[in-house]
Amino acid sequence: GENVEQHPSTLSVQEGDSAVIKCTYSDSASNYFPWYKQELGKRPQLIIDIRSNVGEKKDQRIAVTLNKTAKHFSLHITETQPEDSAVYFCAASSWGKLQFGAGTQVVVTP
Amino acid sequence: DAMVIQNPRYQVTQFGKPVTLSCSQTLNHNVMYWYQQKSSQAPKLLFHYYDKDFNNEADTPDNFQSRRPNTSFCFLDIRSPGLGDAAMYLCATSRPLGVGHYEQYFGPGTRLTVT
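As given, the protein sequences belong to chains V and D, one line each in that order.
For what it's worth, the numbering used here labels the leading residue of the first sequence as 138, then goes sequentially.
For what it's worth, the numbering used here labels the leading residue of the second sequence as 3, then goes sequentially.
Treat the hints as calculated values from the structure; they're not laboratory data.
Heads up, a few of these hints could be off.
[Unchecked claim] Within a straight-line C-alpha distance of at most 20 angstroms, the following computed PhoX-like cross-link-like pairs (lysine-lysine) qualify:
id : chain 1 : residue 1 : chain 2 : residue 2
1  : V       : 208       : V       : 194
2  : V       : 195       : V       : 174
3  : V       : 205       : V       : 179
4  : V       : 208       : V       : 234
5  : V       : 234       : D       : 54
6  : V       : 234       : V       : 174
7  : V       : 179       : V       : 159
8  : V       : 194       : V       : 205
9  : V       : 174       : V       : 194
10 : D       : 40        : V       : 174
11 : V       : 195       : V       : 159
12 : V       : 179       : D       : 54
13 : V       : 174       : D       : 46
14 : V       : 159       : V       : 208
15 : V       : 234       : V       : 205
16 : D       : 40        : V       : 179
17 : V       : 159       : V       : 205
18 : D       : 46        : V       : 234
Please work from the sequences and hints to get the whole structure.
Put into structure tokens, the structure is as follows:
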């Protein structure tokens, strides 16, 4: 089955700096890679996703890159703000089943 | 305009006493999922339905069962809850948007406490 590794497990950044979270996956059949943000006690919320036929996708301060050959994908958050503090999960999916990474606790300090 | 609804939001049950968690959706999605999420961990898929087809994960304990009587509703039954079953239970739905592409929408979760 699919195995997703996510690094780092915690990330502390100064407000305004960039944050980068990296994930690797094992199953070459995975073709959809969503990123979820989860605040304490709340549901995971989809913030951006990328399909396997695309190398990069941007949405305002958030971008995701995918390297299918190397089987890794990354989340980039620029100009971080305190409200970006949360746990971020990457996931890899084939045919509807998500395999999540272990999560990254992001803390943005003012 | 809630899309994926879970009831109750908080559930307390006694050790060994059966409990049922419910999920409903207004999205008319054909796929529904149940996840278990323990503190500081990622959501773990328990099972999912593709329409009426039930798909159990290999490591889901027999203590966990599910029912989907129609497109809108899905239930998680825990036959004999143990202390280790205390967790957030998340329901999600999705539909195919392209080949192999399913965007999942999560409900708010039910926090289960076992005493």
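Is residue 40 of chain D close enough to residue 179 of chain V, meaning Cα to Cα at most 20 angstroms? 13 angstroms, holds
Pair hint outcome, residue 194 of chain V versus residue 205 of chain V [Cα-Cα no greater than 20 angstroms]: Given that 20 angstroms is the threshold and the Cα spacing comes to 14 angstroms, the pair holds.
Below or equal to 20 angstroms on CA atoms is what counts here, so check residue 40 of chain D against residue 174 of chain V. 16 angstroms, holds
Would you check the hint for residue 46 of chain D and residue 234 of chain V, treating anything up to 20 angstroms between C-alpha atoms as holding? 11 angstroms, holds
Take the C-alpha atoms of residue 208 of chain V and residue 234 of chain V, compute the straight-line distance between them, and say whether it is at most 20 angstroms. Satisfied, since the Cα-Cα distance of roughly 18 angstroms is no more than 20 angstroms.
Given the proposed pairing of residue 234 of chain V with residue 205 of chain V, does the C-alpha separation stay at or below 20 angstroms? 18 angstroms, holds
Can the restraint linking residue 195 of chain V and residue 174 of chain V be considered satisfied, given a maximum Cα separation of 20 angstroms? 16 angstroms, holds
For the pair supplied as a hint, residue 234 of chain V and residue 174 of chain V, is the alpha-carbon distance within the 20 angstroms limit? Holds - the C-alpha atoms of residue 174 of chain V and residue 234 of chain V are around 18 angstroms apart, at most 20 angstroms.
Can you confirm whether the C-alpha distance between residue 205 of chain V and residue 179 of chain V stays at or below 20 angstroms? 31 angstroms, violated
Holds or violated: residue 174 of chain V and residue 46 of chain D, Cα atoms, limit 20 angstroms. Holds - the C-alpha atoms of residue 46 of chain D and residue 174 of chain V are around 16 angstroms apart, at most 20 angstroms.
Straight-line Cα separation of residue 208 of chain V and residue 194 of chain V no greater than 20 angstroms? 16 angstroms, holds
Residue 234 of chain V and residue 54 of chain D were given as a pair; does the straight-line alpha-carbon distance stay at or below 20 angstroms? 16 angstroms, holds
Hint compliance for this structure: hints 3, 7 and 12 are broken, all remaining hints hold.
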